[in-house]
Amino acid sequence: MKMTSLILHSALRTNVIRGLLLCIFCAEGLSGQWSEPIRIDPRENYMQRLPHVGVGPLGNIAIVCNVDSADWCGLYCYTSTNGGASFVRGTILALSPPGPLSYHGGVALEVFYDTSGSVIMYWREDWGDYYVAFSSFRVSRSTDGGVSFTSVWYNQLNCNHGGSLIQGGGAQLDSNNRIHFVQDTCDYSVPPERNVFIYSKFPLDSSSEREDHGLPMFEEYFGNIDADLLIRGDTVHYVFDGYNSDSSMFYARSTDGGITFEPRVEVDIPLASYPKLADLRDNGVFLMYGSGGGSPGDSILTARVVGEPGLSPPFRLGPRSAISRTPKHFVTDSTRTHLVYVAAESEVGSIDYEFTDPLQPPVDSTFFSLHTEPDIVVDDRGGKYLVTLFDNRVYLRTKDVVTSVRADDRASPGEFRLWQNYPNPFNPKTAISFSVPHSGTRSRPDGSRVGQLSAVSQTSIIIYDLLGREVATLVNEKLEPGMYTRTWDASGMPSGVYFYRLRAGSFVNTKKLVLLR
Amino acid sequence: MRVFSFPKYPSLVAAVLSLVIATTADANAQGQAALPFLLISPAPDGNSWGNMSTAVASDNAITMAASPGQLGMFSLGNNFSASTYTNKTAWLPAFQVADLTYNAWALAAGYNLSNDLSLPFPVGLGIGYSRIDLDLGTFIRTGSGGPEPIGTFHAYEEAKSVTVGVGVEYLLRLGMGWAFKDAHSVLGPVSVTDSTEFEAQVSMTDFGLLVQAPVVDIIESVRGDTIRAFDNIKPQVLLTFGYTISNRGDSVEYLAAGQPDPLPRNVTAGLSLELGFTRKIARHDWKILTFTLAREAEDILITRSNDGSFEYQSGWGDLSFFKNVIGGTAADCVNLHRGWQLNVCEFVYLRGGSYAEAKECGGRNYSTSGFALRLSGLFRLVEQIAPDAIGDGVVSFVADHIDIVYDHAEYSNHQFLGGTSFNALSIVVR
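Each protein sequence line maps, in turn, to chains A and B. FYI, in our numbering the residues of the first sequence are 35 to 551. FYI, in our numbering the residues of the second sequence are 18 to 447.
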């Protein structure tokens with residue numbers, strides 16, 4: 035793997051390829067919709083693997099990248115609190131040990147923000163050599179904005195096979211901060227060779243590391259498989275394919291939050307790419323895949339709507355005749371869906387398109403090319419964040435991002451701020467963000483109140499009910515300047531209007547929130 | 018006022034009281050409830066002396082809505098009452114949430130059947146309607162991803178009540194009333210893509226009982242003569258007991274498959290003592306100077322677990338009449354109202370009081386104060402000082418039959434409730 039990386043590095047560093055890719059990169063995509071690409075780390079020229087991006091409260095951005103230089107490799111988390119204007123690099127994870135013979139690295143699989151504002155990374159740690167590979171899936175959490183991570187869960191898998199074929203599957207956080215994931219692992223040690231497919235979920239409320247060996251087998255299949263999952267309310271959808279062994283794909287779902295799953299549905303169709311699930315909100319859940327001819331270039335992007343029961347007949351999605359690889363997808367609202375996937379024509383491009391009727395071809399498509407498969411997330415206001423790997427550098431592009439929360443305030447708050455809780459209305463948990471400013475702040479020109487501060491401010495946030503009775507204390511401590519997010523769990527409290535009140539020094543602010551059951 | 022001979026019906030009155038209290042108190046501990054706005058006392062007069070609404074008689078139609086027993090008592094001597102806030106009350110003013118307001122208005126009508134029927138003792142019937150509105154204002158809607166607004170919604174809660182009451186006067190004055198209440202709560206839209214409102218509609222009932230013992234009248238009745246001094250001055254000793262159980266119903270849910278929350282079912286019991294002097298004039302006992310001390314205790318009849326499950330308590334819950342009302346302690350989540358009122362010539366009323374909440378159940382403690390001005394008292398004063406000043410019969414007619422009342426109440430000594438004020442204008446026709 036390291037050798038492969040070096041070869042690729044050498045090739046991609048040539049001016050010819052770089053120039054070609056830059057032209058492609060900067061061409062049609064810069065139609066005024068997407069921002070200019072922002073390089074995440076100008077110092078780093080040896081990034082590998084697919085970067086992943088997550089968007090959190092206040093528009094904070096976390097990007098996880100694999101760095102694989104000639105001397106070492108590892109996994110970095112970059113975070114931005116100012117809309118991508120600048121990034122802070124956190125502590126490296128899975129740093130390879132000195133010496134040329136062993137391999138050790140990390141592969142980002144997903145990165146999220148939970149409702150309390152913690153950065154949650156789902157990743158895979160690999161080590162071994164060309165002949166024996168070991169992998170450990172891990173979930174790590176950062177409560178300091180992505181600077182340092184603590185492992186909260188892992189399971190180690192031994193895969194005595196050349197290279198690492200353990201893919202990992204989709205992962206998602208539900209509204210209760212439980213992480214759900216599907217893992218594709220392997221058991222080639224005992225014939226016949228098979229893949230074992232694991233589904234698991236657990237809450238992220240533990241501060242200590244939890245080790246899970248021997249997770250129960252969820253599915254087994256012979257040949258390479260890949261999987262995806264999607265959580266919508268209490269329903270967990272999952273899909274996996276049998277790409278290499280036959281032309282089948284399997285779909286199943288759980289309506290009780292992943293406790294029990296309905297019998298899987300087999301879809302006999304020639305696959306050209308791994309299937310993916312997309313939440314189109316009012317338009318339902320889509321199962322998307324490339325289908326068609328025997329080679330990737332012959333396939334077309336196809337979708338099925340997850341219905342009651344089973345799946346709808348397939349229909350073609352999009353105007354382009356062929357795709358390859360995996361469609362990456364995200365949604366913005368009830369009517370517009372955006373897809374990004376690698377196009378077949380060039381093998382280095384993708385398409386981003388929008389359509390108003392999911393059963394009709396898109397009418398408003400834009401296209402720009404990317405080097406690799408991107409990762410994309412969308413925030414609650416429809417802002418899109420796209421990361422790509424290009425010439426061993428990771429770039430961020432944004433679109434439709436609303437920055438009503440001032441980036442400067444988030445990065446270096448100059449005054450006390452109390453933001454609206456989210457979500458609102460809520461049940462039963464909601465997050466409340468606030469900032470504690472640096473000392474020496476000044477009055478605002480508009481005359482609004484500015485805290486009088488010391489470096490450490492005694493801060494309290496108390497919840498009151500409609501009658502003015504104190505019902506919870508979220509914060510009552512001395513805090514350093516910075517951004518904070520606290521979660522109020524209102525389990526056991528009755529529906530109704532409550533107030534949360536921030537008091538810090540002379541600053542007092544109160545906002546309303548609604549608990550609804 | 019009619020005075021009946023003592024010996025005939027005391028056991029009957031006692032039996033009625035016992036029966037009514039025993040059969041209407043169906044529950045008993047402490048917990049948070051939905052629709053907490055129903056626990057805000059709307060009484061513009063009672064709020065000035067410790068949120069008193071049960072232990073003192075009132076002819077304010079809004080107060081009758083808060084304690085239905087008032088309506089029965091009202092019907093014995095009055096024909097109509099209407100009351101409205103003159104301005105919406107800013108609720109929790111210290112929070113500086115400008116669009117959070119509380120408002121109330123009410124109508125009540127009563128008739129004493131003994132005016133037309135030959136009855137062994139006066140019986141009055143009353144009916145009333147009231148409406149209470151809590152405008153919760155505009156809320157910012159956010160999604161799960163961050164605090165950026167994605168919309169707004171307007172939330173409000175309201176309660177409409179129809180109250181019926183019956184009053185009986187036989188030595189003691191007894192007023193009973195039942196309120197049939199519909200509460201409607203709208204707390205927000207469902208989602209970004211669905212503008213259906215989150216709302217709850219629930220029906221509930223209240224019951225109230227008020228018993229007055231005009232001690233001097235009773236003594237006069239027993240002795241068979243009158244007690245007078247100076248210029249037809251009569252001492253006033255009025256003992257009043259009140260009992261109210263409110264918000265009896267099932268539960269509240271905002272979603273079809275939501276988690277039910279309890280209604281704020283609560284019980285209130287209180288006692289007041291009025292001392293002073295009345296002057297016997299042609300048609301009425303005119304209260305020249307009286308001073309009233311009152312105390313009420315209330316308990317919310319809910320026990321609630323941390324998981325949200327709940328049960329309604331039976332009976333008086335944790336409320337002990339002797340410990341809380343007589344002893345004057347706020348404990349075991351039983352809250353205490355204390356108040357006083359000084360009446361001068363039925364024209365000026367000065368009031369003060371306090372509300373104390375058990376620490377473990379909210380811990381709110383605040384003071385109340387206020388006053389009332391009554392037109393009938395002014396006219397009666399004019400009638401006594403200068404009977405012919407305005408015109409023959411006009412003054413006495415107004416004094417006897419029409420009353421216009423302005424009430425002001427204010428809370429103080431609480432970080433959030435301090436500054437809350439209630440202002441109401443009422444008209445009473447007798």
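What the hints contain is simulated information worked out from the structure, not anything from laboratory work. All of these numbers come straight from a predicted model, not from anything done at the bench. Positions of the beta carbon are idealized from the N, C-alpha and C atoms, including for glycine. Keep in mind that the hints are not guaranteed to be accurate.
Stated by the list, open to error - FRET-style restraints, in silico, Cβ to Cβ: (1) B:Ser429 - A:Ala119: 30 to 38 angstroms; (2) B:Thr155 - A:Asp290: 35 to 43 angstroms; (3) B:His201 - A:Ala119: 26 to 34 angstroms; (4) A:Gly291 - B:Glu175: 45 to 53 angstroms; (5) B:Gly344 - A:Gly539: 36 to 44 angstroms; (6) B:Ser429 - A:Gly539: 19 to 27 angstroms; (7) A:Glu504 - B:Glu328: 31 to 39 angstroms; (8) B:Thr103 - A:Glu504: 43 to 51 angstroms.
As the list claims (entries may be wrong) - Calculated cross-link-like contacts (lysine-lysine; reagent style DSS-like; alpha-carbon spacing at most 30 angstroms): (9) B:Lys376 - A:Lys545; (10) A:Lys463 - B:Lys340; (11) A:Lys545 - A:Lys512; (12) A:Lys545 - B:Lys105; (13) B:Lys340 - A:Lys545; (14) B:Lys105 - A:Lys512.
How the hints compare with the structure:
About 50 angstroms separates the C-beta atoms of B:Ser429 and A:Ala119, a value inconsistent with the hinted range of 30 to 38 angstroms. Look at B:Thr155 against A:Asp290: about 37 angstroms separates their beta carbons, and that is inside 35 to 43 angstroms. Remark: the range hint 26 to 34 angstroms for B:His201 to A:Ala119 is contradicted by a beta-carbon distance near 48 angstroms. Range check, A:Gly291 to B:Glu175: about 37 angstroms between beta-carbon atoms, so the 45 to 53 angstroms window is missed.
In this structure, B:Gly344 and A:Gly539 meet the distance hint of 36 to 44 angstroms, their C-beta atoms being roughly 43 angstroms apart. Checked against the hint of 19 to 27 angstroms, the C-beta distance between B:Ser429 and A:Gly539 comes to roughly 26 angstroms, which is consistent with it. Taking 31 to 39 angstroms as the suggested C-beta distance range, the pair A:Glu504 and B:Glu328 does not conform, at roughly 24 angstroms. Restraint check, B:Thr103 to A:Glu504: a C-beta distance of roughly 32 angstroms breaks the suggested window 43 to 51 angstroms.
At roughly 24 angstroms between alpha-carbon atoms, B:Lys376 and A:Lys545 fall within 30 angstroms of each other, so this suggested pair holds. Using a Cα cut-off of 30 angstroms, the hinted pair A:Lys463 and B:Lys340 is violated, with the two alpha carbons roughly 40 angstroms apart. Among the hinted pairs, A:Lys545 with A:Lys512 is consistent with the structure: their alpha-carbon atoms are about 21 angstroms apart, no more than 30 angstroms. Between the alpha carbons of A:Lys545 and B:Lys105 the distance comes to roughly 21 angstroms, so the proposed pair stays at or under 30 angstroms and holds.
Only pairs whose Cα atoms come within 30 angstroms are accepted, and B:Lys340 paired with A:Lys545 is rejected, the gap being roughly 39 angstroms. Only pairs whose Cα atoms come within 30 angstroms are accepted, and B:Lys105 paired with A:Lys512 is rejected, the gap being roughly 39 angstroms.
In summary, the structure is inconsistent with hints 1, 3, 4, 7, 8, 10, 13, 14 from the numbered list given earlier, while agreeing with the others.
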